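Just so you know, the sequences run in chain order A and B.
Counting from 1, position 32 in the first sequence corresponds to residue 32 in the working numbering; the numbering is continuous, with no gaps.
To convert, take the position in the second sequence, counting from 1, and add 1000; that gives the working numbering.
It should be emphasised that the hints constitute simulated quantities derived from the structure, not laboratory data.
None of these values were measured; they are calculated from a predicted model.
Worth double-checking, as some hints may not be accurate.
To be verified - Partial chain A-side listing against chain B, Cβ under 10 Å, derived:
{"no.": "1", "residue": "V18"}
{"no.": "2", "residue": "L59"}
{"no.": "3", "residue": "I108"}
{"no.": "4", "residue": "E110"}
Think of the CB as a built atom: it goes at the ideal place given N, C-alpha and C, for glycine as much as any other residue.
Residues per chain, in single letters:
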Amino acid sequence: MNAPSAVIRVEKLQKTYVLGFFRKKVRAVEDVSLHVERGEIFGLLGPNGAGKTTTIKCLFGLVRPTSGKAELLGMPASDIRGKRRVGYLPEAPYFYDYLTAREFLVFIGELCDLSRKKAHARAAELLERVDLKDAADMAMRRYSKGMLQRVGVAQALIHDPEVVVLDEPLSGLDPLGRKQLRELISELRAEGKTVMISSHILSDVELLADRVAILVRGRTAATGRLDALLDTRVMSTEVVFSAAEDKLEVLRGALDGLGLASEQHGETFALSFDGDDKTDAVVDVLRAHDAHVISVTPRKESLEDVVVRRAQAPSDTDDAAKDEAKAKDEPKDEAKAKDEAKDEPKDEPS
Amino acid sequence: MRKILVIALNTFREAARNKVLYSLLFFAVVVIVGSLAFGSLSVRDERRLMLDLGLGGMSIFSVVIAIFIGVNLLYKELERKTVYTLIPKPIHRFQFVLGKFAGLVLTLVLQILVMALTLFVVVKLKEEHVGKALMMMTVLVFLEVLVVTAIAVLFSSFSTPFLSGFFTAGLFLLGRSVPDLRAVAGKLGGEQPVLATLLDSISRVVPNLRYFYVSGTEVSGQHVSVSGVFVDWTYVGSAALYALLYVSLLLILAVGLFSRRDFV
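Isolated chain A, as found in the complex (with noise of 0.2 Å):
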């Protein structure tokens, strides 16, 4: 992969748990290749299951990969140096509930290579800026999920890293607490870090990545800018409108010339047809009718679409390869390591 400016970088990743007694081999991860580039925010998107976590846990050396690589920074996950630079939120984050939140970031800062004294400083200044400068003295044992995950971006943080990865950070979270932490990591890219997300929540993504890769069991299934991956086409258009009742039959018929039936929600009615070639043929039809159009919605396809699309079509590398030379920052060499991962036999020995 071309790509030297990258500060997270995994190739052709695959692993491979041996579980219990019986030494049972489930595969996490079958073939997962992505970068992410200084600066950006990456989304890692994918449903439950599909390897983001085993991704991410190798990355920092919480697994063992069987075969491929993760780096940070360049290095690889054993090297405390890449450590040093990136923090880490894990998923569903769950900490010493003995301490209060001050007791445990300064104990975080200190094993960061933080003074003492400058751990203490940069915990109140996280305390503040994650919004639990009240409770930051209290157990933690008394906290909610969505305290708890604030407390979880604040020790991710305490070393004021240049790379921020949070696995699943929005889960759990009301809200307001989506869209505070959503705009701290807005803050942290204009600081110029680079910040990756996973998520299986697509519409905060969505909002937030200049990049994604979607991961679909355990397979890079499509990486690029979201608008490359996107179609940005209308893929179909509803139309709510509410009509007097002397005027139903004749309106019906109208529509009718159209190749368009309605259905009767109460009061209301709504048609929907492919693409958006006829709105402005059913809203004169509608409005000459003296019918309320109450709204037109255009629906693009959603990355919900894409990843249900990318699910339900796995083994379609060739539109996944189509897909990939569509976003262009995305190299040749992926699908081709995916069409020789296809032939691997599944229960290959760790």
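Got chain A; can you put chain B on it based on the hints?
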């Protein structure tokens, strides 16, 4: 080194905020003070009974506390997923294991000091003189606890607390019975060579905890007896060396096992 210390202090803080430990310590102090009363019941061997009970209480409670925290030490970090936050920090896994161990040892040192001080006061109340001997006893009790803690931590690096506790307690009992195992092996030698070899091998692999087993039977003001023989500081020094060698070996194994683990 600083990171090991930071993790050790946090481990100590966890123990210091654990209410169960205070009740165990309280119970131990009650037993030691109670030895005074029991000692008074025996007319002839008052001093012996008092010291035996006091020492036994100190030793058993320290071992129980060591196993109780030791088997949970690493397992709890995995169970509560706190390890997912710590390992990605710029620390080596060996620093994590050694820090946890050091924190537990610090906890145990303080507990043993509280118990030893209680025993000292009890003995003083009876106007007995055990100054140096009591110090030797305390050091020997501590050395045994150190070895048991390292065994518990080794098991904790790969097994569940229940199994770890079971195996650690088993090894503790075997370690205390090393001379007996050898004696039985010697007697069986001719008749059942296989069993004899097995018992002999076990007695050579498990740590010989009898080196640290102090009895109050013949305590003078200066010396303390181990297996009925008076010992001095030179003996305590060599016992310390034996304990440290064993502990190092166990910790190297624990670090090796813990470093190879995938935190799924």
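Right, here's what the structure says about each hint:
1. V18: Check passed: Cβ of V18/A comes within 8 Å of chain B, closer than 10 Å.
2. L59: Holds - the Cβ of L59/A comes within 10 Å of chain B, reaching about 8 Å at its closest.
3. I108: holds, 7 Å
4. E110: holds, 5 Å
Of the numbered hints listed earlier, not one is contradicted by the structure.
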